[in-house]
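Please build the complete structure, drawing on both the sequences and the hints.
Chains as they are written, first to last, in our numbering: chain A, 1 to 459; chain B, 460 to 528.
Just so you know, not all the hints are guaranteed correct.
What the hints assert, rightly or not - In silico DSS-like links for lysine-lysine, alpha-carbon gap of 25 angstroms or less:
#1 K513(B) <-> K105(A)
#2 K230(A) <-> K513(B)
#3 K287(A) <-> K250(A)
#4 K419(A) <-> K275(A)
#5 K58(A) <-> K5(A)
#6 K105(A) <-> K283(A)
No wet-lab data here; the hints were simulated from the structure. Computed from a prediction, not measured in an experiment: that's the story for all the values here.
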Amino acid sequence: MVDQKVSASFRDPSGFVFTRHKQLYRQVNKSYQADYELLNETGLYAELTSAGLLVPHKEVSVAPAEKSLAYKVLQPEHIQFISYAYEWSFSQLKDAALLTLDLQKRALARGLWLKDATSANIQFHRGRPILIDSLSFEAYPEGQPWTAYRQFCQHFLAPLALMALVDVRLSQMLRTQLDGIDLELCSRLLPSGSRFNFGLLLHIHLHASAQKRYAGRSTREAATRASVSKMALLGMVDQLERTIAKLQWKPVGSAWGNYYAETNYSNAAEAHKGKLVETYLKKIKPKAVWDLGANNGLYSRIAARLGTFTVSQDYDPAAVEQNYLHARAEHETNLHPLLIDLANPSPALGWANQEREVLSQRGAPDALMALALVHHLAIGNNLPLERIAEFFASLAPWVIIEFVPKSDSQVNRLLASRKDIFDDYTLEGFTKAFSKTFKIETQSPIAESERTLFLLKRK
Amino acid sequence: MKLDSLHGIIAGLVFLPVNSEPAYLDPGSGSFIIQIIIASLAAISYAFRSQIAKLGSLLRRSKDKDQDK
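This is how it looks when you write it as structure tokens:
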């Protein structure tokens with residue numbers, strides 16, 4: 001029996017996650033027994049799981065991974081794909097923030113509260129954000145200020161404020177700042193006008209100066225000087241909620257404007273391409289697909305509608321935002337929009353590089369879709385076609401890939417201001433490079449275009 | 460108004476000492492203290508809003524009574 005502790009869960013002494021025979025379990029430690037019982041007895045567990053806000057679990061009778069500490073072992077419902085805050089669009093992070101505050105309010109109403117408020121505890125499950133850590137609650141210590149308040153501001157409010165008021169790409173700071181964005185840094189980066197936003201004045205600017213002022217003082221000393229009533233705490237959570245609800249980011253009137261109107265192919269070509277994608281998908285019947293360079297998810301939805309769980313990735317924050325807003329509005333349950341730069345995908349991060357997993361190890365898709373992408377990689381990023389083929393082969397056994405020739409206006413645009421050093425970038429060159437790792441199952445020209453769609457099978 | 464004096468007034472006027480249990484997460488002293496200020500403002504605003512709402516409903520009731528006459 002080989003147990004593997006999941007490193008992302010080691011900080012909280014209440015318990016930890018481990019895998020055994022490819023099954024995921026959560027050990028609850030004896031030290032958390034009283035709080036665990038409270039979660040059930042108060043009805044909070046039932047309320048949150050039936051509302052789809054907390055991942056449900058079963059108590060199982062398998063042997064614990066650390067017997068001396070163990071109180072119970074839980075088996076949580078399977079989450080299909082784990083993603084991190086630096087891979088979310090603005091509204092994904094905002095919805096995760098609002099969920100955290102909703103959980104805090106519901107918990108307080110039943111005499112508990114959230115003892116931590118990290119974005120790593122939230123995942124997207126069936127299209128909606130959900131809390132995955134059922135050990136996040138504890139008995140509410142009447143009168144005490146919220147211990148996870150700083151963490152909440154660092155993980156949610158600070159990046160959302162920076163994305164909304166400075167630049168949406170600042171979400172990438174979360175890649176290096178794993179415990180959220182330092183509030184003093186956030187306060188310096190925000191425009192001075194943000195001090196006129198009452199919520200940001202309190203929770204970022206004054207919060208940052210209080211941290212500086214009281215640095216090094218004991219919290220015990222701080223907490224014995226005064227208390228916060230439950231009503232005041234609820235008022236503060238309400239205030240945070242209103243501050244976050246007011247933060248907006250819309251991909252218009254900026255560099256992102258008109259981006260989506262600029263396609264160069266006809267409706268007939270688009271329809272034919274969709275039809276071909278559907279035919280190929282029906283042939284290979286994948287359970288999980290990663291759509292690389294998915295734009296706003298138009299073709300991902302073909303896979304999703306066929307019942308395939310689809311991770312719809314793009315490097316453009318505006319595309320991912322549109323994709324998520326569409327998925328949310330339509331209640332799509334098996335489509336996961338994700339902000340990924342394929343030329344620099346998310347690495348393994350954190351302590352011993354084990355707290356955040358590298359993208360390529362999170363799930364094993366049966367197929368990739370790479371539509372209107374290869375020219376961006378080969379010409380836009382100078383990546384040799386053979387290397388692209390090898391990378392794709394390392395991810396999935398099947399690939400649906402579109403070749404866009406140099407004569408296409410989109411490729412022309414990439415070559416407009418540079419020397420054409422891509423002699424091998426032809427249909428023949430593409431076929432030759434990909435044939436080293438893949439067998440061509442089918443290929444079809446796309447109607448009313450110069451493009452070709454391939455179905456490839458890994459050798 | 461300086462943060463310190465604001466804190467002093469609020470802590471002195473409104474709140475009582477409390478015993479705190481250390482958490483596994485470091486809440487940060489500054490984050491604790493700023494909450495006392497923010498939460499008290501929120502409590503005042505909450506109380507104010509509920510008074511306004513109460514007043515509104517009282518006025519509506521008396522207006523309804525007038526109309527009944």
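Going down the list of hints, with the structure as the test:
no.	hint	verdict
1	K513(B) <-> K105(A)	23 angstroms, holds
2	K230(A) <-> K513(B)	21 angstroms, holds
3	K287(A) <-> K250(A)	33 angstroms, violated
4	K419(A) <-> K275(A)	36 angstroms, violated
5	K58(A) <-> K5(A)	19 angstroms, holds
6	K105(A) <-> K283(A)	48 angstroms, violated
Checked against the numbered hints given earlier, the structure breaks hints 3, 4 and 6 and satisfies all the rest.
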